[in-house]
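*Asks:* Residue-level listing of the chains:
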Amino acid sequence: MKMAKPTLTLPQYIFLIHGVQMGVGVLTLPRETAEAAGTDGWIGIVLSWVLATAASLIIIQVMKNYPKGTILDLLRHYFGKWIGIAGTILFSLYFGIMATVIFIREALFIQAWILPRTEVYILIALLSIPSYLIVRKNITILGRYSVLVFFMTVWMMIFFIIPLKQAQWLHLLPLLKEGWQPILDSVGTALFSFGGFEIAFFLYPFLQKKEKASMGIVIANTLTLFIYLIITIGAFVFFSPDEITIYNEPSIVMLKILEFRFIERLEIVFFAFYLFVISVTVLPLMYMTVYCTSQLAGEENHRRHLIWLLIIAFVYVVLVPPTFDQNKLLQRLIEQAGMVLAFAFPLCIWAYLLILRNIKRRGN
Amino acid sequence: MAFFRKYKKTSASSAQQSQNRIKSYRLSSGLKENLAKIQSTFCDTPDLVIRKLVIKQTGSQAAVIYLSGITDSKAIFNNVLDPLLFKNDREHDEADFKVSLGHIREADSWPEIEDALLNGETVLFVEGLAEAYIYDTPKFPSRSIEDSPVETYLAGAHVGFNEMASVNVALIRHQIHNRELKIKEMTVGERGKTKLSILYLADVVNPEVLKELENRIKQLNVDSIINAGVLAEYIEDQPYSPLPQLLLTERPDYAAAQILQGRIVTVVDRSPTVIIGPATFDVFFKSIDDYGSRWMVASFIRLLRYFGFFIAIFLPAIYIATISFHFEVIPLKLLFSVGESRERIPFPPYIEAFIMEFTLEMLREAGIRLPAKIGQTVGIVGGIVIGQAAVEAGIVSNIMVIVVALTAIASFIIPSYEMSSAIRLVRFPMMILASLFGFVGIVVGFMILIGHFISLESLTMPYGSPAAPLRFKEWKDVFIRTPQWSLEQRPTATKAIQKTKAHSRPPGGDDS
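In the order they appear, the protein sequences are chains L and P. Read in order, the letters of the first sequence are residues 1 to 364 in the numbering used here. Read in order, the letters of the second sequence are residues 1001 to 1512 in the numbering used here.
Honestly, the hints are just simulated from the structure, not real lab data. The structure presented is a predicted model; accordingly, all values stated were derived computationally and were not measured. Be a bit skeptical, because a hint or two may be false.
Computed spacing ranges between beta-carbons, pair by pair [what the hints assert, rightly or not]:
#1 Gln208/L <-> Pro1346/P: 25 to 33 Å
#2 Leu10/L <-> Ser1337/P: 19 to 27 Å
#3 Leu1425/P <-> Glu243/L: 28 to 36 Å
#4 Glu1214/P <-> Ala54/L: 51 to 59 Å
Heads up, simulated DSSO-like pairs for lysine-lysine below, C-alpha to C-alpha not over 30 Å straight-line [to be verified]:
#5 Lys1087/P <-> Lys1032/P
#6 Lys1211/P <-> Lys137/L
#7 Lys5/L <-> Lys328/L
#8 Lys209/L <-> Lys1218/P
#9 Lys1473/P <-> Lys1184/P
#10 Lys1087/P <-> Lys210/L
#11 Lys1139/P <-> Lys212/L
#12 Lys210/L <-> Lys1032/P
#13 Lys1499/P <-> Lys212/L
#14 Lys256/L <-> Lys1184/P
#15 Lys137/L <-> Lys1032/P
#16 Lys1139/P <-> Lys1087/P
#17 Lys5/L <-> Lys1499/P
#18 Lys256/L <-> Lys5/L
#19 Lys209/L <-> Lys1476/P
#20 Lys1218/P <-> Lys5/L
#21 Lys209/L <-> Lys1032/P
#22 Lys209/L <-> Lys1139/P
#23 Lys1218/P <-> Lys137/L
#24 Lys212/L <-> Lys1211/P
Covered stretches of chain P (chain L as the covering partner; in silico rule of three or more C-beta atoms under 8 Å from a C-beta of chain L) [said to hold, decoys possible]:
#25 1294-1305
#26 1390-1403
Every residue, glycine too, gets a C-beta built ideally from N, C-alpha and C.
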């Protein structure tokens, strides 16, 4: 049987990026922005979207210089073998830590909300099974998974609209209560939630219609913006401005008031289903990690690396029982590294490539 | 072509044996030697008939040989023996032993002769000729064409395949009168020599998919293909999957409909089922009734089937998960009645569920194995006695009986038997996951199922299409069925080279 090179269609590309962005951030986003800027926090989200979209477009511009390969091939091509290897190590560390942190956070959420008496390492072992089964395949399968899960879970947004019956829209007014300064502060936290578009560095060579890459990434960012806005504004008008900061995950607490004739405590069912959304974040990150490490080892098959990654995550959880605080601290750290990788790094390379092209043109 | 391959295979296997056999590979010209050889090859074969005679036309010694059970003796008497014994038509060529049969060929090697005899053909040896004449006279015992007992439909033709490949091919030809309907014949099996006929529309089917199927069949080296299910298991893409990847059907109208969609039908001789590939998950939820009845009804029933699919997989798991982990999800009033019915039950919900599910599966299997008349008794014993008594004895709860009954009915509304058995199988791991981790276990199980589903292939074509990869345009004929005139395209998953079907506008459409 011949093996065709895996490719991504435009929807797969869009929903992969969008899926990685969504993740666990959406649960805590209303609280985090409210802490920084009160009910004006949503303006911060819109501003972060502008920044994220700009950075994503720069990434696409960078990748246009070397459409055949990923960022790793591009680094090797323009900067030589050693910088290529260094870049591969950095990327694999970044994605590896990011994937593990969110993976553990997923288990912590389950423990906190659904199964308080189950150990975290058991949950990690349980979650490893579907992760292994999906990530061991190629990027096309992950793309299909992201698309399918998006359409399977998008109906969950309806539940955020039902509580709006009790909304107090006055909470949003007046705009710019305390000037621009707190809003700019909230951009700092909101920007993290848009992190994830940097996987476009790796998706670009697989995309079938490369001319649509820019459009696709803008759609992905905008989709994320819409979902964030619905949930954040929904939470702002649902809770009182002071109350919202008490809850760890206001997005889920909101659903507690939902009750139907046939089902109560909807948030438990909702949260169980939400695992799908988290998996769409974790699985591509895991794939990126093992993609980088298998490139580094020069292996075609990433299956062995994946097993090691899952074992490392498991051993880590057994040795260092995770807590929310510790997990959050790690996430903060890795997100700051992510800011460098997603914003500063593409900008630098882009500038370098522009200069390089100008010099060449002048030389001619 | 197929015959040539078989010939090569036979010669390859005999090459390991002694040189003698190769020497005696050709027929001799002496009638006596040939008859002796036949008798030694077919020793302990009482149904072998050797009729010695003198041909009137030429006056030469000859022998007619056939196997009595599998040949059409009337045809032999009237159309072979009669002309040879009594006709003396001098106008013809001397050596031309024309008999009044449609299909005549000549053979000069022993393996050919053997094959011919075992295929129910009649062989004529003539003194002084190193060739034998083979007359096409097979008549294997077969049953008449009946409605399929396994797949019953309301709207389709009341015709099912039977065990004769030639009849089955004819039934499909009856549906598709087109010269592009091509048939490739192959033979599989060292001992069984099962004849396979691969049917497809030459200007529709994707040649690469066809080649893939042929290659997989060619690589087979087995004793015999007993029925179509055996072949399907040999050639499917992922044998370690619970889901069926090739569609099996007993209905010619359904098979023909699938050929028109750009799929390939493999007819297996001696089996009343044919194999259809490449299959996607949605074909297992379709029946010919969906096209025969009006589209709204058909769409409703389709949706019902998909709903049944999820019920059959998840309902017992959800029951276990809610009762043992998340009872707070159930509204209070319902919780009271559930609690009341579970009051006397000494077992945790998962044991209760497993007892009932296993009982149900056993009842189902018993119902299949027993003759139809006793089968009803099983239903009464199972349904009324066990169900009612188990509840009264306080072993299982009423709610559990309802759950199990619903699951069973939900799994039976899926038209494909393979798919509904697969679903019943998948239910058990789901129940185990639910009993260990509640809703999280169910979601993880679902994730595993989806992860498996999206990476599955059928003859290298994606199995999940048009859901994964997502093709919204083709959803016109998946979960619902829109009116016939709107179904203009063949599914992408067959990679048909002719994508658009013959189609017409709706009556009273834009033009009128």
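*Asks:* Each hint needs a verdict: does it hold in this structure or not?
*Replies:* Okay, the hints, checked on the actual structure:
Here the CB-CB span from glutamine 208/L to proline 1346/P is close to 60 Å, at odds with the stated 25 to 33 Å. For leucine 10/L and serine 1337/P, the Cβ-Cβ distance of about 51 Å falls outside the hinted range of 19 to 27 Å, so the restraint is violated. Look at leucine 1425/P against glutamate 243/L: about 49 Å separates their beta carbons, and that is not inside 28 to 36 Å. In this structure, glutamate 1214/P and alanine 54/L meet the distance hint of 51 to 59 Å, their C-beta atoms being roughly 54 Å apart.
Restraint check for lysine 1087/P and lysine 1032/P: the C-alpha separation of about 25 Å stays at or below 30 Å, so the hint holds. Our distance criterion of 30 Å between C-alpha atoms is met by lysine 1211/P and lysine 137/L, whose separation comes to about 25 Å. In summary, the hint linking lysine 5/L to lysine 328/L is not supported, as the alpha carbons are separated by about 38 Å, beyond the 30 Å threshold. Distance hint between lysine 209/L and lysine 1218/P is unfulfilled; the C-alpha atoms sit about 38 Å from each other, more than 30 Å.
A hinted pair counts as satisfied when its Cα atoms are at most 30 Å apart, and lysine 1473/P with lysine 1184/P does not qualify at roughly 33 Å. Our distance criterion of 30 Å between C-alpha atoms is broken by lysine 1087/P and lysine 210/L, whose separation comes to about 79 Å. Of the pairs offered as hints, the one joining lysine 1139/P and lysine 212/L is violated, with about 64 Å between alpha carbons and a cut-off of 30 Å exceeded. Distance restraint check for lysine 210/L and lysine 1032/P: the Cα-Cα separation of roughly 78 Å exceeds the 30 Å cut-off, and the hinted pair is therefore not satisfied.
Among the hinted pairs, lysine 1499/P with lysine 212/L is consistent with the structure: their alpha-carbon atoms are about 25 Å apart, no more than 30 Å. At roughly 63 Å between alpha-carbon atoms, lysine 256/L and lysine 1184/P are farther apart than 30 Å, so this suggested pair is violated. Proposed proximity of lysine 137/L and lysine 1032/P is contradicted: the alpha carbons are some 66 Å apart, above 30 Å. With a C-alpha separation of about 25 Å, the suggested pair lysine 1139/P and lysine 1087/P falls inside the 30 Å cut-off, and the hint holds.
Between lysine 5/L and lysine 1499/P the CA atoms are separated by roughly 24 Å; this keeps the pair inside 30 Å, and the hint holds. The suggested pairing of lysine 256/L with lysine 5/L is violated, with an alpha-carbon distance near 47 Å, which exceeds 30 Å. A distance of roughly 26 Å separates the Cα atoms of lysine 209/L and lysine 1476/P; the hinted pair therefore holds under the 30 Å criterion. A hinted pair counts as satisfied when its Cα atoms are at most 30 Å apart, and lysine 1218/P with lysine 5/L qualifies at roughly 26 Å.
Simply put, lysine 209/L and lysine 1032/P have alpha-carbon atoms about 76 Å apart, too far for the 30 Å limit, and the pair is violated. Between lysine 209/L and lysine 1139/P the CA atoms are separated by roughly 59 Å; this puts the pair beyond 30 Å, and the hint is violated. Restraint check for lysine 1218/P and lysine 137/L: the C-alpha separation of about 28 Å stays at or below 30 Å, so the hint holds. Using a Cα cut-off of 30 Å, the hinted pair lysine 212/L and lysine 1211/P is violated, with the two alpha carbons roughly 35 Å apart.
By the rule of at least three residues with a Cβ nearer than 8 Å to a Cβ of chain L, the coverage given for the stretch 1294-1305 of chain P is violated, with 0 such residues. Counting residues of the stretch 1390-1403 of chain P whose beta carbon lies closer than 8 Å to any beta carbon of chain L gives 0, which falls short of the minimum of three for the stated coverage.
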